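These protein sequence lines are chains R, W, S and L, in that order.
With the first letter of the first sequence counted as 1, position 133 gets the number 133 in full-length UniProt numbering; the numbers rise by one all the way through.
With the first letter of the second sequence counted as 1, position 166 gets the number 166 in full-length UniProt numbering; the numbers rise by one all the way through.
With the first letter of the third sequence counted as 1, position 138 gets the number 138 in full-length UniProt numbering; the numbers rise by one all the way through.
With the first letter of the fourth sequence counted as 1, position 66 gets the number 66 in full-length UniProt numbering; the numbers rise by one all the way through.
Keep in mind that the hints were calculated from the coordinates and are not lab data.
Model, not experiment: these values are computed from the prediction.
Certain hints may be false.
All copies of an identical chain are treated as equivalent in the list; a pair is satisfied when it fits inside any one copy or across any two copies.
Said to hold, decoys possible - BS3-like mimics (lysine-lysine), calculated; alpha carbons at most 25 Å apart, straight line: (1) 140 - 169; (2) 140 - 250; (3) 169 - 144; (4) 20 - 144; (5) 69 - 159; (6) 119 - 69; (7) 159 - 87.
Number of protein chains: 4
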Amino acid sequence: MTIRVAIAGCRGKMGKEAVKTVVGQEGIELVAALDYKHVGESLAELEMFPADLDVPIYLDLSQLIEETKPDVLIDLTSPHAVYDHVKVSLLHHVRPVVGTTGFTDEQLEELTQLAQEQKTGCIIAPNFAIGAVLMMKFAKEAAKYLPNVEIIELHHDRKLDAPSGTAKKTAQMIAEVREERKQGHPLEEETMAGARGADFEGMRIHSVRLPGLVAHQEVIFGGNGQLLTIRHDSFNRESFMDGIVYCVKKVMELEQLVYGMENIL
Amino acid sequence: MTIRVAIAGCRGKMGKEAVKTVVGQEGIELVAALDYKHVGESLAELEMFPADLDVPIYLDLSQLIEETKPDVLIDLTSPHAVYDHVKVSLLHHVRPVVGTTGFTDEQLEELTQLAQEQKTGCIIAPNFAIGAVLMMKFAKEAAKYLPNVEIIELHHDRKLDAPSGTAKKTAQMIAEVREERKQGHPLEEETMAGARGADFEGMRIHSVRLPGLVAHQEVIFGGNGQLLTIRHDSFNRESFMDGIVYCVKKVMELEQLVYGMENIL
Amino acid sequence: MTIRVAIAGCRGKMGKEAVKTVVGQEGIELVAALDYKHVGESLAELEMFPADLDVPIYLDLSQLIEETKPDVLIDLTSPHAVYDHVKVSLLHHVRPVVGTTGFTDEQLEELTQLAQEQKTGCIIAPNFAIGAVLMMKFAKEAAKYLPNVEIIELHHDRKLDAPSGTAKKTAQMIAEVREERKQGHPLEEETMAGARGADFEGMRIHSVRLPGLVAHQEVIFGGNGQLLTIRHDSFNRESFMDGIVYCVKKVMELEQLVYGMENIL
Amino acid sequence: MTIRVAIAGCRGKMGKEAVKTVVGQEGIELVAALDYKHVGESLAELEMFPADLDVPIYLDLSQLIEETKPDVLIDLTSPHAVYDHVKVSLLHHVRPVVGTTGFTDEQLEELTQLAQEQKTGCIIAPNFAIGAVLMMKFAKEAAKYLPNVEIIELHHDRKLDAPSGTAKKTAQMIAEVREERKQGHPLEEETMAGARGADFEGMRIHSVRLPGLVAHQEVIFGGNGQLLTIRHDSFNRESFMDGIVYCVKKVMELEQLVYGMENIL
Numbered sequence: 001m002t003i004r005v006a007i008a009g010c011r012g013k014m015g016k017e018a019v020k021t022v023v024g025q026e027g028i029e030l031v032a033a034l035d036y037k038h039v040g041e042s043l044a045e046l047e048m049f050p051a052d053l054d055v056p057i058y059l060d061l062s063q064l065i066e067e068t069k070p071d072v073l074i075d076l077t078s079p080h081a082v083y084d085h086v087k088v089s090l091l092h093h094v095r096p097v098v099g100t101t102g103f104t105d106e107q108l109e110e111l112t113q114l115a116q117e118q119k120t121g122c123i124i125a126p127n128f129a130i131g132a133v134l135m136m137k138f139a140k141e142a143a144k145y146l147p148n149v150e151i152i153e154l155h156h157d158r159k160l161d162a163p164s165g166t167a168k169k170t171a172q173m174i175a176e177v178r179e180e181r182k183q184g185h186p187l188e189e190e191t192m193a194g195a196r197g198a199d200f201e202g203m204r205i206h207s208v209r210l211p212g213l214v215a216h217q218e219v220i221f222g223g224n225g226q227l228l229t230i231r232h233d234s235f236n237r238e239s240f241m242d243g244i245v246y247c248v249k250k251v252m253e254l255e256q257l258v259y260g261m262e263n264i265l
Numbered sequence: 001m002t003i004r005v006a007i008a009g010c011r012g013k014m015g016k017e018a019v020k021t022v023v024g025q026e027g028i029e030l031v032a033a034l035d036y037k038h039v040g041e042s043l044a045e046l047e048m049f050p051a052d053l054d055v056p057i058y059l060d061l062s063q064l065i066e067e068t069k070p071d072v073l074i075d076l077t078s079p080h081a082v083y084d085h086v087k088v089s090l091l092h093h094v095r096p097v098v099g100t101t102g103f104t105d106e107q108l109e110e111l112t113q114l115a116q117e118q119k120t121g122c123i124i125a126p127n128f129a130i131g132a133v134l135m136m137k138f139a140k141e142a143a144k145y146l147p148n149v150e151i152i153e154l155h156h157d158r159k160l161d162a163p164s165g166t167a168k169k170t171a172q173m174i175a176e177v178r179e180e181r182k183q184g185h186p187l188e189e190e191t192m193a194g195a196r197g198a199d200f201e202g203m204r205i206h207s208v209r210l211p212g213l214v215a216h217q218e219v220i221f222g223g224n225g226q227l228l229t230i231r232h233d234s235f236n237r238e239s240f241m242d243g244i245v246y247c248v249k250k251v252m253e254l255e256q257l258v259y260g261m262e263n264i265l
Numbered sequence: 001m002t003i004r005v006a007i008a009g010c011r012g013k014m015g016k017e018a019v020k021t022v023v024g025q026e027g028i029e030l031v032a033a034l035d036y037k038h039v040g041e042s043l044a045e046l047e048m049f050p051a052d053l054d055v056p057i058y059l060d061l062s063q064l065i066e067e068t069k070p071d072v073l074i075d076l077t078s079p080h081a082v083y084d085h086v087k088v089s090l091l092h093h094v095r096p097v098v099g100t101t102g103f104t105d106e107q108l109e110e111l112t113q114l115a116q117e118q119k120t121g122c123i124i125a126p127n128f129a130i131g132a133v134l135m136m137k138f139a140k141e142a143a144k145y146l147p148n149v150e151i152i153e154l155h156h157d158r159k160l161d162a163p164s165g166t167a168k169k170t171a172q173m174i175a176e177v178r179e180e181r182k183q184g185h186p187l188e189e190e191t192m193a194g195a196r197g198a199d200f201e202g203m204r205i206h207s208v209r210l211p212g213l214v215a216h217q218e219v220i221f222g223g224n225g226q227l228l229t230i231r232h233d234s235f236n237r238e239s240f241m242d243g244i245v246y247c248v249k250k251v252m253e254l255e256q257l258v259y260g261m262e263n264i265l
Numbered sequence: 001m002t003i004r005v006a007i008a009g010c011r012g013k014m015g016k017e018a019v020k021t022v023v024g025q026e027g028i029e030l031v032a033a034l035d036y037k038h039v040g041e042s043l044a045e046l047e048m049f050p051a052d053l054d055v056p057i058y059l060d061l062s063q064l065i066e067e068t069k070p071d072v073l074i075d076l077t078s079p080h081a082v083y084d085h086v087k088v089s090l091l092h093h094v095r096p097v098v099g100t101t102g103f104t105d106e107q108l109e110e111l112t113q114l115a116q117e118q119k120t121g122c123i124i125a126p127n128f129a130i131g132a133v134l135m136m137k138f139a140k141e142a143a144k145y146l147p148n149v150e151i152i153e154l155h156h157d158r159k160l161d162a163p164s165g166t167a168k169k170t171a172q173m174i175a176e177v178r179e180e181r182k183q184g185h186p187l188e189e190e191t192m193a194g195a196r197g198a199d200f201e202g203m204r205i206h207s208v209r210l211p212g213l214v215a216h217q218e219v220i221f222g223g224n225g226q227l228l229t230i231r232h233d234s235f236n237r238e239s240f241m242d243g244i245v246y247c248v249k250k251v252m253e254l255e256q257l258v259y260g261m262e263n264i265l
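Next comes chain R alone, as it looks inside the complex (with noise of 0.2 Å):
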């Protein structure tokens, strides 16, 4: 059986991303595409999609919907749209598929309720990237029985801020499996501030910054005579689309609201 997909946002970045990984896989078909720009046009019109993509762009969603019939609607717009987008197609046993973070927890529980009162799937997803989500997840899991642990996290030199929002998701997650420990010599010194990096409940991350980087992070476990080490590179865009593939399926199976990619590997 062929998934109908819909999705919302389709000229972001990521939305661009979606239409092309949609389009290439077997299994699914792009039905329709929401936006507020090019009503009535199909992608095929827009420069930026191949001429032969012929697929109608709504407005409104219930429209769309009713006309359209997907089974699935990705949507990569922003926080603020987002929120609506998901009540209707709930509404609709429409399943969303959401890279979005910004849902209040007001929000995220009444969007839960709704999801469980209609048995219909939906999944809410920060990180999309696959291989950053099952980091997480062993990390949280060899947190357990290898307890001294640091991360590394390394950025281009454009970035912001320090830690990324990765690390303190990771050490958090850790956080949960461990008891707080004072880790390193008890004793130990700074000749230089900020050499041993940021504390965590007890456990460093280090940031680096670097022309050429992309976006990775390291997580190493120490134990007697022994490390082990996950570690997750992304180079590009791309290591989003494996997940929203990903999800779209496993929407499918689902009958209620999923928060977090780790939840459904």
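Using the hints provided, position chains W, S and L relative to the given structure of chain R.
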């Protein structure tokens, strides 16, 4: 509660490390040693052990069990002896923790059944290095989502066989969860024989041998625009000790035989 | 002083990057383009370039040189055309910077002599990625002191040949400074064919091919109790640009032909 | 020709390794030991050495030199004693190879002058690990072309100070060849203090401390679209031995004092 432990094979390389580990471990007490030499003496009398290590040495396992009442028997002797030791242990409701690989399928089956009948825990672990076992376990899981994978194992140049047992085991575990697939370009060509490594059901294994290396392995998964790498480094025999301690504690909760630490992590 | 640069081959993949790099570089000015199409137009008229890039396009190199007086000609055309371009350039005391590998030994000799006669600098570089060239140079030097070495090169799975040209070049450079030696255990055995990789004068080369990878190489030297690893990662075509800028500046100081960036680093 | 070697400090950790190395080395012969204990005995009489190691132990260096005619003195004693040993050696035209760091500037200057006057080679090397010295040397050279660099050093968690001496030395060597520059985004912000590591003239140093680690360092250079990484792993004391053998041979060709192995590699 303190776990009372007996060790068979104290004078071997692994055995010596095991004694050191058990003696230094809170919650575990070394109560007896099984050996065919030095019977009737105490470990304290052997030059390789501390002079205050007053632990009696027995020749007969039944007598050892009756007189010193161990909860667990750590067995690091040869495959030949181990089989009998495990049987006697189980019959006395003493839980065996064994680091040998040499059992036949028949023996394994018999011991599995015996453990079940006696409702007595038993762990047989070909590899006690927790990090290595986690690497294999994670690799197997990752391959479900990122089926393109290669293995690089690196060992000292005194190693005779290539690839390593761990590399083969890892490849087998991965093969259980993915369909056989030819990796690389369908038309790829080796201009120098062997460049692409060994082929195991389409996945490639590369063996590096250099002085300075100890025992290392990297499992690399490639996806669109991303890599996931799981690496284990074993620097010395100590790497086995965390696993032995874990097993001694874990076997107390079991009522059957478990083969392979990956099944209790 | 600003260095005046002409580029041959602007519309190719490398050429487009070179234009972008040169235009954004302080101390360098793009004064002309050599092409067999669009002659008489300006780069500004081509869709792929910024609309204000007012750089004239010539068909004839002599005319280009006379009218725009470049100091340097960056040539990124095919091997076929390059040879003539370099000759004409040198005769006009314009310094060529060339990224092609296709010269015959006779051509190289002739051009070397011509450059010397004209006392005009010329750089022919099969690889402009400074990091890759440094890797090879360092590998050659390290092998003098740590002769046990293996090479792991990792590329995307659309690559046809294994090992890569860079891996072979590295091995050759290492072979120049060390005696041939059989590495690994004298009695080592492959239980799976190819595990130990390709053999180049006793040093082993391993080729990894996975989606997600771009172009990477690791040279690992083993000594007693230690390892030295030199690794280069090339993530995209930009990696060649630092080298081109370096060569444009360096060639101004030369009065002869240099083959290979390793000889001017 | 066989090089005749005497060793001062045989019973220390480094000394024992040095004896083992020298004894097993073709072209080098151990002819005497200098010690304040066991004077008049032979190394063979000490339990830590093989029973056939018939090498006389002296208290007085002049007497040792007269009676055993060494070409080279390997000195692995304390800084306190070394200074005198080197002076006496040089005066007798015996070439010192020294692994101590504790000389004052005045002492170094005096010894440098003495070696020159005596036309006698002398090597003082704070670090005998050839791989580590090559890493620093290569890092210094790479920084000329790729000035954006960060250092990650990784050590066992019993180490007290961070960053390591080698990391600081590496940073200093790099600073000699590049202008001070602020790396990373001008507006970058640490949301957790220390994440960006220690700052040495704009280059960042990160110190990882974990059980299982021994002594490792990675120097990462970033350029447009590329990375160059130089890594050294030291797994045990043996890593110093290749360097000592190299120095014993090299010092025979010298007629002056050299400080630091990087100056003779």
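Status of each hint after checking the structure:
{"no.": "1", "hint": "140 - 169", "verdict": "both (10 Å within a copy, 24 Å between copies)"}
{"no.": "2", "hint": "140 - 250", "verdict": "both (23 Å within a copy, 20 Å between copies)"}
{"no.": "3", "hint": "169 - 144", "verdict": "both (17 Å within a copy, 23 Å between copies)"}
{"no.": "4", "hint": "20 - 144", "verdict": "between (40 Å within a copy, 23 Å between copies)"}
{"no.": "5", "hint": "69 - 159", "verdict": "neither (41 Å within a copy, 41 Å between copies)"}
{"no.": "6", "hint": "119 - 69", "verdict": "within (18 Å within a copy, 57 Å between copies)"}
{"no.": "7", "hint": "159 - 87", "verdict": "neither (34 Å within a copy, 46 Å between copies)"}
Of the numbered hints given earlier, the model fails hints 5 and 7; all others are met.
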